[in-house]
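Here our numbering is used: the first residue of the sequence shown is 1, the next is one more, and so on.
Because the hints were derived from the structure by calculation, they are not lab data. Please note: incorrect hints may appear among the correct ones.
Pairwise CB distance ranges (calculated) [to be verified]:
hint: 1; residue 1: 67; residue 2: 211; range: 20 to 26 Å
hint: 2; residue 1: 129; residue 2: 68; range: 50 to 56 Å
hint: 3; residue 1: 201; residue 2: 318; range: 37 to 43 Å
hint: 4; residue 1: 355; residue 2: 211; range: 51 to 57 Å
hint: 5; residue 1: 132; residue 2: 206; range: 23 to 29 Å
hint: 6; residue 1: 188; residue 2: 356; range: 33 to 39 Å
hint: 7; residue 1: 132; residue 2: 231; range: 24 to 30 Å
hint: 8; residue 1: 73; residue 2: 335; range: 45 to 51 Å
hint: 9; residue 1: 233; residue 2: 211; range: 51 to 57 Å
hint: 10; residue 1: 204; residue 2: 339; range: 18 to 24 Å
hint: 11; residue 1: 134; residue 2: 67; range: 24 to 30 Å
All residues carry an ideal CB built from backbone N, CA and C; glycine is no exception.
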Amino acid sequence: MILGLKKQTQTLGIVKSASSYYLASRRNYHSWSGQVEKKKEQDGLFLHKSKGQHLLTNNRILDAIVRISDVRPTDTVLEIGPGTGNLTMKLLEAAQNVVAVEIDKRMVEILGKRVADHGLEDKLTIIQKDVLKTDFPQFDLVVANIPYNISSPLVAKLVYGSNAFRSATLLLQKEFSRRLLANPGDSDFNRLAVNVKLVADVQFVMDVSKREFVPPPKVDSSLVIIRPKEVKPDVDVQEWLAFTRTCFGNKNKTLGSMFRQKKKVIELLNFSAGRNGAKVGVMNQKCGNFDSEVEEAKDEDEDWINHSLCLDTDASSMFKERLIGVLSSNGFQEKRPSKLSHGELLHLLSLFNQAGIFFHDITSLPMDLHE
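With the sequences and hints as input, model every part of the structure.
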């Protein structure tokens, strides 16, 4: 059972009041929970849905998470968003150390007291910071109930970060996990999946009902395990992310149609010319910076009337021919990004590079994997 609960009960009290307090004061709680409830009454402590604060309270699921994570007695476990420590207490029993990153000062105080009351404070390190702005210490595993509002950048930070780890067992929003699990050819195959699966394998474990959380979120969750690949493709990460942004900006278009778009031709010509050291004078300063644009442009857009004044027409036409030539000569022109495997996408990027075509997008950082 969760530490602090009496063993004779199998039912967890769940508060469903308008206040959405984080723990219910019912008879099945030990003195620790009573102290928390008293503090709640004194300080008006609430869980904020807007910050993704939803505490998992089901003992059976908490045990399953620790078991499935294969925590070893020698492991240091990174937990993100521990809240009041329901999962933390389980991890402290199984691991050598736990590093918990929590931004909410109120939760840090409650967690610290709860752990100290059980004499486990020497095994726990609490980092009170924004997890997306924190440099992680060395760790072996990640086990966490992830705040929904930071799922994508946090997964990106883990799989593209410098820390080598064995696996990450994450409780995520169900819809997000389905997108993460999607494969080429699936209707929901997307940029998030293609970027994460370039460097890691993703395994579905189980769904978890929203009723198992306090306060209940609007949607169900899913438990997944992410395991970094031992051998990763030899590709420039920044260029790969820019390339997938281009391809999955409209994933159901054919590549031939996508790379005929005037705006895309200009973007690629500008950067590729600079990368190759050419002086083509494609755009003057009045044309602006297209690096930050992520949406597909329409050829009929009025803005392109002005941009076209800056365009070296001959250079643009020749570059478009080169783009389409790479696609047509290698059988990619009529293919759609949503149907391509990682091997095919990597091969296409390599073919473009061999032809002097390079991809760049200042918004395509490892923190940005989704569409």
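Which of the numbered hints above does this structure break? Violated: hints 2 and 9.
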